[in-house]
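Enquirer: Here's the letter readout for the chains.
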Amino acid sequence: MGSNTKTLLALGFISVRHHSEHGYFGGYLILNQLGRPLEFHCTLPVKPSRAQSLLYGHTLDEFICGEQIAKALVTKAKLKPTLLLTDSSSVLAFENVGDEPLVLIEANKTSDSEAHLRRPNSAETNLKRIGAAGMRCSITASSSATSELLSELSSKLAPNFDLTEPFHRIAEALLEAHPIAKAA
Amino acid sequence: MQSTMHDDSWGGIQFCQTPALSSDSPAIDFLALGWQGQIDRGQTVEVDSRAIESTEIQVVNIRLQSKLPQTIGFSFPESPDFGLADSKAPFAKAAAKEASENKSDQSVDTAKTFAANADDSNAVPAKRTRILPPKDLVKLEDRLYFVLQPPLETLVTTARLEFPFQPFPYQFEGIAFLFPREAAILADEMGLGKTMQAITTVRMLLLSSQLRNVLLICPKPLVTNWVREFRQWAPEIPVVVIEGDQAKRQYIWNQQDTPVRIANYELLMRDRALLDIPDMHFDLVILDEAQRIKNRNSTTAEIVRALPRTRSWALTGTPIENSVEDLINIFEFLQPGYLRSDMSLKAISQASRDFIIRRTKDKVLTEMPPKMFRDEELELTAAQLDSYRSAEDEGIVQLSDMGETLTIQHVFELVLRLKQICNFDPLTGSSCKLERLEADMEEIAASGHKAIIFSQWVETLDKIAEPLARFGPMQYHGRIPSAKRDSVIAQFKQDPSKHLILMSYGAGSVGLNLQFCQYVFLFDRWWNPAVEDQAVNRAHRIGVAGPVTVTRMMAANTIEQRINDVLEKKRELFNQLFADTDAPASSGLSAEEIFGLFNLKPIKAHKKQAA
Chain A
1 MGSNTKTLLA LGFISVRHHS EHGYFGGYLI LNQLGRPLEF HCTLPVKPSR
51 AQSLLYGHTL DEFICGEQIA KALVTKAKLK PTLLLTDSSS VLAFENVGDE
101 PLVLIEANKT SDSEAHLRRP NSAETNLKRI GAAGMRCSIT ASSSATSELL
151 SELSSKLAPN FDLTEPFHRI AEALLEAHPI AKAA
Chain B
1001 MQSTMHDDSW GGIQFCQTPA LSSDSPAIDF LALGWQGQID RGQTVEVDSR
1051 AIESTEIQVV NIRLQSKLPQ TIGFSFPESP DFGLADSKAP FAKAAAKEAS
1101 ENKSDQSVDT AKTFAANADD SNAVPAKRTR ILPPKDLVKL EDRLYFVLQP
1151 PLETLVTTAR LEFPFQPFPY QFEGIAFLFP REAAILADEM GLGKTMQAIT
1201 TVRMLLLSSQ LRNVLLICPK PLVTNWVREF RQWAPEIPVV VIEGDQAKRQ
1251 YIWNQQDTPV RIANYELLMR DRALLDIPDM HFDLVILDEA QRIKNRNSTT
1301 AEIVRALPRT RSWALTGTPI ENSVEDLINI FEFLQPGYLR SDMSLKAISQ
1351 ASRDFIIRRT KDKVLTEMPP KMFRDEELEL TAAQLDSYRS AEDEGIVQLS
1401 DMGETLTIQH VFELVLRLKQ ICNFDPLTGS SCKLERLEAD MEEIAASGHK
1451 AIIFSQWVET LDKIAEPLAR FGPMQYHGRI PSAKRDSVIA QFKQDPSKHL
1501 ILMSYGAGSV GLNLQFCQYV FLFDRWWNPA VEDQAVNRAH RIGVAGPVTV
1551 TRMMAANTIE QRINDVLEKK RELFNQLFAD TDAPASSGLS AEEIFGLFNL
1601 KPIKAHKKQA A
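Protein chains in written order, with the working numbering: chain A, 1 to 184; chain B, 1001 to 1611.
Each hint should be verified, as a subset may be incorrect.
[Claimed, not checked] Lysine to aspartate or glutamate pairs mimicking EDC-like chemistry, simulated, CA-CA at most 20 Å apart:
| id | chain 1 | residue 1 | chain 2 | residue 2 |
| --- | --- | --- | --- | --- |
| 1 | B | K1135 | A | E172 |
| 2 | B | K1419 | B | E1592 |
| 3 | B | K1139 | A | E39 |
| 4 | B | K1135 | A | D162 |
| 5 | B | K1127 | A | D162 |
| 6 | B | K1248 | B | E1229 |
| 7 | B | K1371 | B | E1443 |
| 8 | B | K1139 | A | D162 |
| 9 | B | K1127 | A | E172 |
[Unchecked claim] What follows is a set of in silico ranges between Cβ atoms, one per label pair, in the way DEER data are often shown:
| id | chain 1 | residue 1 | chain 2 | residue 2 | range |
| --- | --- | --- | --- | --- | --- |
| 10 | A | T82 | B | L1345 | 29 to 35 Å |
| 11 | A | S113 | B | E1377 | 24 to 30 Å |
| 12 | B | I1072 | A | T82 | 22 to 28 Å |
| 13 | B | S1075 | A | R118 | 27 to 33 Å |
Rather than coming from a laboratory, the hints here were simulated on the basis of the structure.
Yeah, the Cβ is synthetic: ideal placement off N, Cα and C, and Gly gets one too.
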C-alpha cells in the first residue's frame, strides 16, 4: 500500500562515546529528510596506544574522534550526505582530513542508558555560531558550512525534525552493537 | 698614585720598588721568607694527551597507528512512505470530524486532535516512544533497523497519520510494542483501548508495506464494533467482513489482496472447509478476546492454530481466566511449544515476559475518575428464604443419594436453581434485589443519569423490565438480533427518557462503549470475576465523565456468598503471574470447588474444569 519516499537529501550524524575501559565507540547514521534511517556504520572499539596518548596529549580526543573515527566512518558510507552533524566537538577535527561540511549541534542531556559514557569534547573555543530556521550550530573558522546551506537544508526537512534526537538513536545503536559498552 | 722600579732582584725575579706612596700613606715592605727558595728550581711542564671518544645519538622509532579503525555498517531500504498523500487526507479529515462529533463515544475530553498538533510545525513531541526490538530477534541488522527508527510520535507526524484523538502515551507504548513483534499478547485491562492500539499498528504496518493482508477474528457481537473502530482510526484502510452465503464467503476468503478481513469465531468453525485454499497465507492474524482459545482441544483453537500466517497477535484483558493453562494455550497459537505445562510458574512468567504487555487503569490513567464498588449483601424476602431453604435441603439430599452416578452437571443444576431463587422467588415473584434496584433507580433517574443492569439470565432481565417500565428500560442480550443491537445502544444513549439498559453478561460484556453510564448493577454474579470486570468496564472506560458506581448484589448467607468467597481467594494466581499489575481477573470455579459448595466430593472422572 505504501510507496517509497524519494530521498531529497541525506544528513549524516556522527557521534562518539568513550568508555573508560573499552575505549572509543563511533557511530554514523545517515537519515533522509523525514528522519528515517538510510545507512548506519559503527567502529569497533578504538583504544589509543600509550604512544598516541603521550604524543597527542590533550589533543588525543580530536585525533581519535575526528581524524580516525569520523574519517573511517565517512569513508565507508555509500551515501554522501549534504551535511555532517556531530554532538561532540572533538569530531570537528575531521575537517583536517575530510572535505565534507561539518557542524556541531549542542546536544541534549544523555539518557540514563549512556550516562556512564563520556562524550569527548575538545577545548576548542574558536567556534563560530551560525543558524537558520530552527537549526542552530557551531562551526570552525575553516568550515565550509554556511548559513545559506543550513537554510536550504532546513526548508527540505520534515517540520518536526529534531536535529538532536538522532544522536540518542546512535547511542542506543552503539550499545546494541557493542554490549560490552553497556553499564555494568 | 705613582710607582718607580728598584734595582733589587731576588732569585732572578725583579721586584718593583715599593711604590712611593704619598706622605699620608702607610709604607709596605716585602720580606724574604724561607720557602721562597723553591722558586729558584726550574719548571717542568708535562703534557698528557687523551683521545676523546665520539658517541652516536640513539633514535627510537615509535610507530603510530596509521590504519583507520575497523567499521561495520548496514544499509536500510529506502524508507517507506505511509502513502498518505494530500489526495487521501480528506478521508482522514472526514473521520476526524465524525469522531469529534461523537466525542463522548470514544475518548478523552481533554485530548486535542493529533492533526491539530501536527499542524504546529514547531511542535516537538514531549515524549519519545521508541520502537525496541523484541528479545527473540537475533540478527544485529534486524535489531538495529528498529533501534534506528525515529520515535513513534515523529513517525506518525511525518507520515501525516491523523487520529480522531491524540493517543495517550501508554497507547503509543502499546503500538511500539506490537509494531516489531511477530508474536504478541496485548493484555491491557478492559477500557484502555486495545482495539485502537491494534488498529493503529495494523494501519502503520499496512501503509509501510510491511503487511499486505490481515485477518481479524473476534466474537460475533463485536464485528460491527471493529468495523466502526477501523473507520474511525484507520479510515483509508479497506475492511471487509466475511459474511453472507457460502459462495460469497468463499469469494472473500479467496481475496488474498484484501488488506483487512474480519471473521467471527462461530463463522470460522462453519467455514473450516472453505479455508482449504492453496497458497492461502495471512501476514497477520489477530485474535480478539483470545481467551476463546484457552481450551487447547477445542475446534476453535485447532482452526486458528492451523491458519497459515507470519505474525500472530492475541488481544485479551484476561489472559488467564481459570488457570495458567489458559496462557499456555494462547501461546500455542503464538509460538507453539514455547510454554509447557511442566514449567514452573516463575519460569512461565519469565519466558512470557517479552511477549506480553499489560497495563491497568490504575497505573496509566491516574486522572481517570474512580470506579467505586458497593457490595450489597441483601437479606432474602421471607418468601425467597422459604423457597431457598427447601430447594437447598431437598437438592443436597438428592445429590447425596446419587452416589457414583453424581456428576458435576447435577451439582451445577442445583447451583443455578438456588441462584435463580436469590433473584426472584419462583412462587410469589418477590425479590430483595429488585426492591433495592427500584429504590436506587428512582434516585438515578431523578438526577438524569443512566444505569446498566447485568444478569446471566434473559428471563431475569424480563422480570426486571416490567416493574421498572417507568425508567424506560432497553434490552440488549442474546435474543436481540445482531442487526438491531447498534440501534438499541444509540437510542439508549440519545433518548433522555431511557435510564437503564438490561444486559446479559454474554452479549454486553465485551467491546461496547457505554461510558456515559455512571451506574452499573450486577443483579447476579457471574462465575468468573474476569467476565464481571469486562461488564463493568463497558461503563468505566476512557472518556468516562465521572466516577462509576458498581453495585454488586448478593443474597446474604446463600450460595452466592459462598461462590464469591471461593473466587476472591483465586485472585492470587493472577497476582503471581502479573506481579506488577493489579489483579482485575481471577480464575473461575473448578469441579472440586463446585462440589465443595455443598460439602460434596467429586468423583475422580469428573475432576475437570467446570467454569
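Enquirer: Evaluate each hint against the coordinates.
Expert: Here's how the hints hold up against the structure:
1. At most 20 Å may separate the alpha-carbon atoms for a hinted pair to count; B:K1135 and A:E172 meet this at roughly 15 Å.
2. Taking the CA atoms of B:K1419 and B:E1592, the gap is near 19 Å; set against the 20 Å cutoff, the hint holds.
3. As the CA atoms of B:K1139 and A:E39 are separated by approximately 16 Å, the hinted pair is consistent with the 20 Å bound.
4. For the hint pairing B:K1135 with A:D162, the CA-to-CA distance comes to about 28 Å; that exceeds 20 Å, so the pair is violated.
5. Straight-line distance between C-alpha atoms of B:K1127 and A:D162 comes to about 13 Å, which keeps the hinted pair within the 20 Å bound.
6. Pair hint B:K1248 plus B:E1229 does not hold up; C-alpha atoms about 24 Å apart against a cutoff of 20 Å.
7. Proposed proximity of B:K1371 and B:E1443 is supported: the alpha carbons are some 19 Å apart, at most 20 Å.
8. Between the alpha carbons of B:K1139 and A:D162 the distance comes to roughly 29 Å, so the proposed pair goes past 20 Å and is violated.
9. In summary, the hint linking B:K1127 to A:E172 is supported, as the alpha carbons are separated by about 17 Å, within the 20 Å threshold.
10. For A:T82 and B:L1345, the Cβ-Cβ distance of about 56 Å falls outside the hinted range of 29 to 35 Å, so the restraint is violated.
11. Look at A:S113 against B:E1377: about 53 Å separates their beta carbons, and that is not inside 24 to 30 Å.
12. Hint check: B:I1072 to A:T82, Cβ distance near 24 Å, so the stated range 22 to 28 Å holds.
13. For the pair B:S1075 and A:R118, the beta carbons lie near 30 Å from each other, so the given range of 27 to 33 Å is met.
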